Amino acid sequence: MKRKLLSVLLSTAMTAALLTGCGGGAAQPAADAGDAAKEATETTEAVEEATEATEEVAEAADAVEEAAEEEIPTSTFGDPNGTHLEMWTFVELHGQHYGKMAEIWNEKNPDKAIEITCTTYPYGDMHTKLLTSLEAGTGAPDICDVEVGQFPNVVAGLDQWLIPLDDYCKDYMPTMVPARMETYQGEDGHYYGAPYHVGATAMFYNVAAMAEAMGISNDEVIKKIDSVVTWDDYVKLGEEYKAAIGDESKFWTSVDTGGTDWLWLAMAENGDDWTGGFEGPANCKLDSVKNMLTMQQDWLKSGLAMISPDGHVDLEAGFQNIMDKNIVSFPKALWYMSRFTNYMPEEKGNWYIAKCPVFKEGQKCSVGIGGTGTVVTAQSANTDLAAEFLCWAKMSDEGEQNIWDTLGFDVCNTAMWTQDSFAHDDNNQFNAFFINYPYDVLSSIGMDNIGKISVVAISPTINEYVCTTTLNEVLEDPDYSVDDALQELQDAVDMEQ
Amino acid sequence: MKSKNFLYSQKVAPYIFVLPFILSFAIFWIYPLITAFTMSFQDIGAIKSDWVGLANYTKLLKDKVFMIAVSNSAKYMFFTLVLLIPFPMLFAVLMDSNIVKAKGVWKAILYMPALTSVVISGTLFRLMFTEYKTGQMNLISQALGFGTYKWLKNGWSGMLALLVVACWRWTGVNMLYFLSGLKAIDTSLYEAADIDGASAIQKFRYVTLPLLKPTTVYVLTISVYAGLSMFLESYMLWAGNSSPNNIGLTIVGYLYKRGIEKNDMGYACAVGVVLLVVALIINFVQLILNGTFKKEED
Numbered sequence: 030m031k032r033k034l035l036s037v038l039l040s041t042a043m044t045a046a047l048l049t050g051c052g053g054g055a056a057q058p059a060a061d062a063g064d065a066a067k068e069a070t071e072t073t074e075a076v077e078e079a080t081e082a083t084e085e086v087a088e089a090a091d092a093v094e095e096a097a098e099e100e101i102p103t104s105t106f107g108d109p110n111g112t113h114l115e116m117w118t119f120v121e122l123h124g125q126h127y128g129k130m131a132e133i134w135n136e137k138n139p140d141k142a143i144e145i146t147c148t149t150y151p152y153g154d155m156h157t158k159l160l161t162s163l164e165a166g167t168g169a170p171d172i173c174d175v176e177v178g179q180f181p182n183v184v185a186g187l188d189q190w191l192i193p194l195d196d197y198c199k200d201y202m203p204t205m206v207p208a209r210m211e212t213y214q215g216e217d218g219h220y221y222g223a224p225y226h227v228g229a230t231a232m233f234y235n236v237a238a239m240a241e242a243m244g245i246s247n248d249e250v251i252k253k254i255d256s257v258v259t260w261d262d263y264v265k266l267g268e269e270y271k272a273a274i275g276d277e278s279k280f281w282t283s284v285d286t287g288g289t290d291w292l293w294l295a296m297a298e299n300g301d302d303w304t305g306g307f308e309g310p311a312n313c314k315l316d317s318v319k320n321m322l323t324m325q326q327d328w329l330k331s332g333l334a335m336i337s338p339d340g341h342v343d344l345e346a347g348f349q350n351i352m353d354k355n356i357v358s359f360p361k362a363l364w365y366m367s368r369f370t371n372y373m374p375e376e377k378g379n380w381y382i383a384k385c386p387v388f389k390e391g392q393k394c395s396v397g398i399g400g401t402g403t404v405v406t407a408q409s410a411n412t413d414l415a416a417e418f419l420c421w422a423k424m425s426d427e428g429e430q431n432i433w434d435t436l437g438f439d440v441c442n443t444a445m446w447t448q449d450s451f452a453h454d455d456n457n458q459f460n461a462f463f464i465n466y467p468y469d470v471l472s473s474i475g476m477d478n479i480g481k482i483s484v485v486a487i488s489p490t491i492n493e494y495v496c497t498t499t500l501n502e503v504l505e506d507p508d509y510s511v512d513d514a515l516q517e518l519q520d521a522v523d524m525e526q
Numbered sequence: 265m266k267s268k269n270f271l272y273s274q275k276v277a278p279y280i281f282v283l284p285f286i287l288s289f290a291i292f293w294i295y296p297l298i299t300a301f302t303m304s305f306q307d308i309g310a311i312k313s314d315w316v317g318l319a320n321y322t323k324l325l326k327d328k329v330f331m332i333a334v335s336n337s338a339k340y341m342f343f344t345l346v347l348l349i350p351f352p353m354l355f356a357v358l359m360d361s362n363i364v365k366a367k368g369v370w371k372a373i374l375y376m377p378a379l380t381s382v383v384i385s386g387t388l389f390r391l392m393f394t395e396y397k398t399g400q401m402n403l404i405s406q407a408l409g410f411g412t413y414k415w416l417k418n419g420w421s422g423m424l425a426l427l428v429v430a431c432w433r434w435t436g437v438n439m440l441y442f443l444s445g446l447k448a449i450d451t452s453l454y455e456a457a458d459i460d461g462a463s464a465i466q467k468f469r470y471v472t473l474p475l476l477k478p479t480t481v482y483v484l485t486i487s488v489y490a491g492l493s494m495f496l497e498s499y500m501l502w503a504g505n506s507s508p509n510n511i512g513l514t515i516v517g518y519l520y521k522r523g524i525e526k527n528d529m530g531y532a533c534a535v536g537v538v539l540l541v542v543a544l545i546i547n548f549v550q551l552i553l554n555g556t557f558k559k560e561e562d
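Quick note, the sequences are listed as chains L and G, same order.
Using the working numbering, the first residue of the first sequence is number 30, and each one after it goes up by one.
Using the working numbering, the first residue of the second sequence is number 265, and each one after it goes up by one.
I should point out that these hints are in silico values taken from the structure, not numbers from a laboratory.
Fair warning: this is a prediction, and the values are worked out from it, not measured in the lab.
Don't be surprised by glycine CBs; every beta carbon is placed ideally from N, CA and C.
If a hint is listed, it holds; no wrong ones were tucked in.
Dumping the calculated DSS-like pairs for lysine-lysine here, alpha-carbon to alpha-carbon at most 25 Å:
1. L:K279 with G:K414
2. L:K314 with G:K526
3. L:K330 with G:K397
4. L:K314 with G:K326
Per label pair, the in silico range of CB-to-CB distance:
5. L:Q189 with G:Y279: 40 to 48 Å
6. L:V120 with G:G309: 24 to 32 Å
7. L:I101 with G:L318: 39 to 47 Å
8. G:V276 with L:G166: 36 to 44 Å
Isolated chain G (complex conformation) (with noise of 0.2 Å):
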């Protein structure tokens, strides 16, 4: 009897719905996260390892390079947010409308993209960025009259490689994330708005952008991690982890570079937490800017 009350209970029962995720949860996030925490107090070796307290942490913050990590991450993190955000929303907007034909065709050419390997079209981006003549970009600056530049050598269009591969790859992703929340409001709100007279750039304004806002911190959240964990991208973009002056360096890169390539795993996950806390810091900052974590008002 006491058993079915319990199995029966309404408090219990949705605990028991999300156990499976709970438990996938706990053995594969974090346990994991545990143990990285644990070693980054450590020097891992071959056959023992040995407690070294904060060195790895201090070693960090005197690590010039390291700090060039952080740096481009950030600064990637913050051109894919302000390339990524509103241009998919715009061509949202414009595929819900009625201005565009051939509406599949467009959405398919878009998507396309984010179908293929990143280790494919990230090869085909390195031979177009080549600094030798025949690359697609030094053909067309030779075109314009400019000469050749060696692009995947200079800091600024380095990372106008990145990000002309990050455009590429998700435009048609996130566009496709607005379109599905534009479905999803209501059309006799528009209606209602063009009784009262309202133009396409206040029902824009007034109508879609608030309804959209889901979606909008959706896509935020998802692209600020995007932003700093991105590593293959910039791996394939120079043909491996190391980049002329370290312009292509990311914390996943530095962190891998440790880890793998100096087998370095304390001081690699010393690395990850640190990107753990800054990833944390600037997500639930923007969460709590965008209401996530307020009481609904009805």
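Next up, chain L with everything else stripped away, as it sits in the complex (with noise of 0.2 Å):
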């Protein structure tokens, strides 16, 4: 009876260790039940007779697992006698942004000098964490990056767990884009997060390419890519390029399955946000969406569009698709820019920016994607220099400066964009990779002219659905009905809301 009652106690206990290790953040599931069955199991009569050699092959896999894990980077920048503050972001480029703007920071304010450590945690882990600290109401650091799918979650507590940044903003806010400042927006109206870039959606051509193809010189070619306004005039110039180099496997662009880029760019031509903001409710069955989706399925019958390798452009199949030069056309926001420089740097010279094509002339033209806002936490013990440091990290013309050469984003503060010695620098590896300058083309496009998709609660259940399901439904099959996977998805969004 009592080896029933250890049994029965023990199997729970494998069990147990299957729902703990989820809940700690689900690094590894498997292997914390792999080992409490273990011990469980060599507690029982089983594995009596297993040798010491199972034992040692299980520990030598433990060991090598917590080796494999990977360490947590720490760094500590400012001045040691400073206010000290803590940091916490998933990026570690993120972290030396703000150590080497304490150290401008100290230089200019001897008297409020800080000194800042920045901690890098793994993506989930470091959400997980800060959330399970708000909420506890301790342990949670002064300042900290919220990546944009995880705003909804921390701003959800409000001024309750965050300090508005409404005042310590207000210097900047007049050359600011509003869209993105409106991103970590809370309920309330307040603003709870610094923006690091725009996220400004453009167009990506491969002037290169196109001009071999159809045999013009690349001024010829961008003189046409200029001309293009409306989706027509792209399909058209498109239709010009695949009839130029007459090859079946070349195409025009390539359309994603697994990302929503081209659909928000396409909600905010035409003003509609499928969220419905914070009153909601979330209505996914908009014409914009529609006309897309239906242009895109005439794309990929047609021999225009090719579908994304593996579902979007930022994935390694994707970059090996630009690179075959499989296509020569594709929209994505700026901070793409990077994946040029980082991982095709052969396409240097080859690729131009321009504004998207709309639907109709006179819409915007753009929309920001992506993004991390960074908030400074109510537990703070001096949220006031927190808040104005971080403000003056990631607004003014310094922080903007120090983003832009290491991080390569397209930033946030419109006065920036126009300055000649920031803008126009060759010696930023981004300005000399392209043909044309990015600053030109946000100029160009205008800061009101960039739209925004609300992210809010119900974000990841579109987005999910959209991306597992509606997509592949849509493109994969290019006759299936446009009009039925929308219904699935407002379907599946009305379950949750």
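Now that you have both chains on their own, put them together as the hints suggest.
Following this line, the structure appears as structure tokens:
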């Protein structure tokens, strides 16, 4: 009887290990369960016979797994005698940005010197830790990066969790891109996050490949690209390219089954937002989305477009597809520039950035995609200093300069866009990489023409269903009814709201 | 005097010895388990949480995506059992026999994958299974004249990719378990069987298999858990938690999606409780069938 009880207890232990493993960030549930199962079963008679070899093997495996877990990089910058600030991020480079900014800050403000410790955690771990410490009311850092997709979870605590940045950013506000600031607004209208970048969507064209195929000069190709205003113009130019190249395996563009960029662009152009904002309810059966999907189905049928290998252009297969010149144009947020410099350095000098086509002339022609908002938590002992430093590090001239040079983001402070020393500096690798200057494109778009799609509680549900189901339905099978697919999407979303 | 009796009591001593385990078990397993159970009846909000009764569970019953996750996990578990018990056992028997030369090398080769981080190997497998023409799998299929295939976009090939990763990673580990089980079998039994004129197959059937049973039950038990709780492999293969038509979604993946990505801890806990119940049922049935709970005959 006792044995039976023990067995029941141990079996429960094993399964409990499963659950707890997941609760703790789900990093290695299988390994945890395996460990617990190992302990448990070892205690029972089942493996009484097992020799030491088994244990050694298991121990070796554990040791290696521990070693394989990434080290947590922590760096401290600034004045050791200054006020200490704790900062968490999930991108090491972001931490280095604050480190550099802390040095400059201390030079300029010796009376308010700071020391900042930046810790980089893996994405999931960092957000879980942050949410847990905010809920618990203790343990949160002073400053923390929050990825835009996770922002609704964090901003839900409003001023009980976070410090409104309104007062600290008001000096920069007149020149900040409004759509970007609104992305990190709370339900109460206060700004809780400071943005790194606009993430403005623009069209990337491979001018060199087009010129070669069409037998004309780069300048003539650029002239043609500049004359593209509407999607009809875009298709016309694409057909011209297809006719010139005469190769079935080369396409004008690729459409994504694993990303919503095209749909966000379509919504922003028509002033739609499928989330419905904070008030909701979410409505995904929008004409803008339908038109974009129908248009993409036509492109697939006519051979103008292909499906992005592995779902979207921001993966290894996508990079290879671009380098193999299988596609020569695609829309993407400007932070994609760093993918060119990091993964496709051979493409230097081939690409031209232009405004995205629109459905009707006069529409907005861009949308801000992705991003990370940095927050100051209410648990900080120095909220004033932390907020002041944060806004300065992310919105001032010095901050924007460093963001552009080290992170390669399209900065949100429009005052910088037209500064010659900033926007036309040929020492900057991104300025040197493309045929035209990225900030000239941004200036030509203008800060009021960059649309915004809200990121609220329902957003993950919509994005997930679109990327797993809707896009696969309508693009993998171009004859699938777009109306049906959007109805299914709406049904799935309604179940959650 | 009394306290000395207490310490020397044969009844109490075992409990003192198991106390450290019981304590850590209670603090790190039982407490979270109970918390997860209570949270599964709540709507966990940012500032405050509300009791919602069975709402999370009724929603779960109607949740098609959850059903897909359960079916994926069940299929994965089933196929890993089919692949990861007989074959490692066979390899172990071969390693234990005189047929194979350079055993150390083979063992090392088979065990090596278990020492690799899933994050790294998962990424490599994702690149191998890419639908782009330069992926290894597509190079092979093109060489065979089949053209390229979208491996990670179709149900069967997605599961195949998961199983390839599982076999690559766990064959060596399971083989070593069986090998240690084999080493524990008394060689005199084989000698006796030889004298009785038993063939190699008969020796395997009547000596090796029955005496290897404790190891087999152990491997079976951990494989059931490993199969049902698989998450990281799928997360790495599809570069995230979203796969086309959810072909790679597992129960734990769904739990992660709900708990972390959508921050709906109450619902995620309900998913976890269901997983607990499913795993318990399967393993109890399995352990009962294997006679683990039976009183020992001697």
